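Student: The numbering of the sequence shown is the numbering used here, which starts it at 11 and goes up by one.
A few of these clues could be false.
[Claimed, not checked] Restricting the straight-line Cα-Cα distance to at most 20 Å, the calculated cross-link-like pairs of lysine-lysine (PhoX-like) are:
#1 235 <-> 218
#2 218 <-> 234
#3 695 <-> 479
#4 72 <-> 33
#5 159 <-> 40
#6 372 <-> 413
#7 40 <-> 57
#8 57 <-> 72
Please keep in mind that the hints were generated in silico from the structure rather than gathered at the bench.
Computed from a predicted model, the values in this text were never measured in an experiment.
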Amino acid sequence: MVNSALINPKSIVVVGGSNDISKPGGKILKNLIDNNFQGNLYVTNPKETLVQGIRSYPDPGKLPLVDLAVIAIAAKYVPRVVEELAEEKHTRAFIILSAGFSEESEEGKSLEAAIVATVNRVGGSLIGPNCIGVLTPNHASIFTEPIPKLNPNGIDFISGSGATAVFIMESAIPKGLTFNSVFSVGNSAQMGVEEVLQYFDETYDPEKSSRVKLLYIETVNNPKKLLKHASSLIRKGCRIAAIKAGSSEAGSRAASSHTGALASPDVAVDALFRKAGIVRCHGREDLIAIASVFMHPPLQGKNIAIITHAGGPAVMLTDALSNGGLKVPHIQSADAAELLQKLYPGSSVANPIDFLATGTAKQLGTIIDYADQKFEEIDGMVVIFGTPGLVKVFDAYNVLDEKMKTCNKPIYPVLPSILTAHAEVADFLSKGRINFPDEAILGDALCRVYHTAAPDAENTRLPEVDHEKIREIISKNNDGYLLPEAVAALLDAAGISRAGEAVTDTVEDAVKEASRLGFPVVMKVVGPVHKSDVGGVVLNVKKESGVRIEFERMIKIPETSAVLIQPMLSGTELFAGAKYEPKFGHMILCGLGGIFIEVLKDVSAFLSPLSMDEALKMIRSLKSYKIIQGVRGQKGINEQKFAEIIVSLSALVSAAPEIIELDLNPLLGNEKSVTAVDARIRIVK
């Protein structure tokens with residue numbers, strides 16, 4: 011839906027243009043003029059004949075043909091103006107700054123719908139309403155400040171909030187970040203973040219297009235489109251970071267199962283970003299730090315050399331890197347000893363490499379050369395260099411700039427003296443460099459970028475399941491939780507290993523089935539959702555007499571219709587599940603099982619469909635992964651078998667999208683197998 015009239019118009023009209031630059035219509039016209047729009051520029055204003063030196067027409071009907079209309083008039087007048095321009099002036103792109111639409115009232119929503127209908131009818135593009143505008147290399151149709159320096163290698167930025175876009179640019183520009191384009195989509199009446207990202211994907215040119223995209227999202231309107239185009243761009247070599255606002259606990263919905271309670275919409279956003287390869291951020295400074303890392307060459311390994319003349323920041327950076335999974339390795343070699351001889355007494359090269367407050371620009375260059383050329387264990391460098399204000403540090407920053415041009419390993423500059431060394435930092439930034447004023451924020455950003463996995467293969471191949479059998483079971487059952495027999499049949503059809511079991515509603519059958527399955531057995535009520543909460547689970551029943559006693563007790567528990575009997579198995583309790591989230595589709599979840607899922611809440615989630623590689627990533631991302639590996643002499647769990655069950659769940663919900671919630675809790679895992687012991691499935695047709 012993004013067209014050339016929006017990106018590169020030959021003519022623009024500002025509807026509601028004004029001589030008063032404190033108003034949006036006046037300021038946007040001034041920005042267009044000041045930023046040298048090269049096409050024909052028009053204004054409509056019934057009260058003026060000349061606005062900021064531009065001819066003003068009394069109404070749109072008097073205009074010549076025009077490509078793009080930027081509209082800053084009262085909401086109630088906008089639909090008529092859009093229709094007139096679209097039908098009579100062949101206008102095919104519209105940026106509506108005006109508020110008073112769907113964000114305010116039902117009447118405004120109707121006005122907005124009428125505008126969208128007109129624009130769609132002529133195959134046009136609409137940005138807004140209720141936005142700050144669009145900034146491209148061809149035109150500055152934006153009414154706010156700052157207007158960032160545009161650079162073909164700068165950032166493409168799409169924001170659902172105009173004010174937030176301004177504040178993010180306010181933070182980014184002083185650090186040296188540049189932009190290639192800015193899109194404020196406002197109400198996203200026709201086009202939102204996803205559609206603009208689609209445009210970037212479909213027009214991507216590896217030689218000319220920006221390789222960094224930043225997103226600020228308040229509502230994910232089309233998760234599948236976002237996933238498709240974000241992952242496509244990242245596969246092409248782009249890097250994407252995004253803020254998704256609205257992630258609090260209050261946004262989670264209550265649900266009747268473990269999976270439902272854990273799988274809030276925000277978990278779905280995390281899963282979406284993870285699958286796409288997007289780095290999720292949680293604030294403006296966070297987003298800017300990630301973007302700044304993106305603008306440097308990527309790390310090829312985990313080992314960082316910290317080069318500094320200030321001990322405190324080096325310690326804080328070491329903590330941030332170590333806590334985030336990167337390493338600050340000890341450096342001890344003949345080359346290190348040689349380097350030490352070139353520095354002042356009292357310096358250290360052990361890493362952090364501390365060359366003291368008296369260290370010189372020449373020494374800084376020497377250290378960087380050793381880290382780049384001789385310290386093979388080092389993959390990247392962070393240089394922390396400030397000043398107490400005794401001398402100017404232009405020479406050190408010039409050395410840093412030159413080394414960043416020639417070194418094979420990435421260098422990340424931390425220049426904390428943004429006031430005392432303002433002139434020197436400004437000179438460094440003028441060379442196209444970026445500054446990280448805070449070393450701990452940099453450390454966190456480096457870790458998260460490094461550990462963000464690339465998108466998985468575009469087409470995920472799921473394991474074969476008995477599709478015909480699955481559809482037969484779903485068709486025969488009504489909405490709600492399935493009976494154990496149907497659950498067992500679905501697991502069998504999906505190839506998921508499960509414990510032997512029997513369901514009985516008489517005490518004599520219970521004794522008979524327990525003997526057949528083999529003592530000891532586990533007994534569970536059929537009916538209540540949370541069995542353990544009502545005393546509906548008994549472990550390690552060893553004799554027929556115990557079966558009789560427990561059956562008579564359990565069958566009296568409210569809502570109980572029968573008792574499930576299984577052999578008593580041993581192993582580590584695991585969990586796997588599936589949850590349908592509107593718009594996003596099914597999420598697959600895994601973690602430790604039993605009561606640990608509620609206590610630890612250590613759950614990994616991925617969007618379905620998912621591959622074996624993604625399933626293994628899920629398992630290995632758990633905080634409890636060391637338990638799965640095996641600790642303190644205990645044997646680990648067969649990760650491959652666990653992953654196979656996770657992927658089989660993905661295949662099952664693909665064959666039966668009516669499954670809304672599915673719990674396998676617990677699964678019992680050991681070094682040889684992983685077996686489903688208890689399962690619960692709810693369907694909605």
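Student: I'd like to know which numbered hints this structure contradicts. Please list them from smallest to largest.
Tutor: Hints 1, 2 and 4 are the ones this structure does not satisfy, whereas the remaining hints hold.
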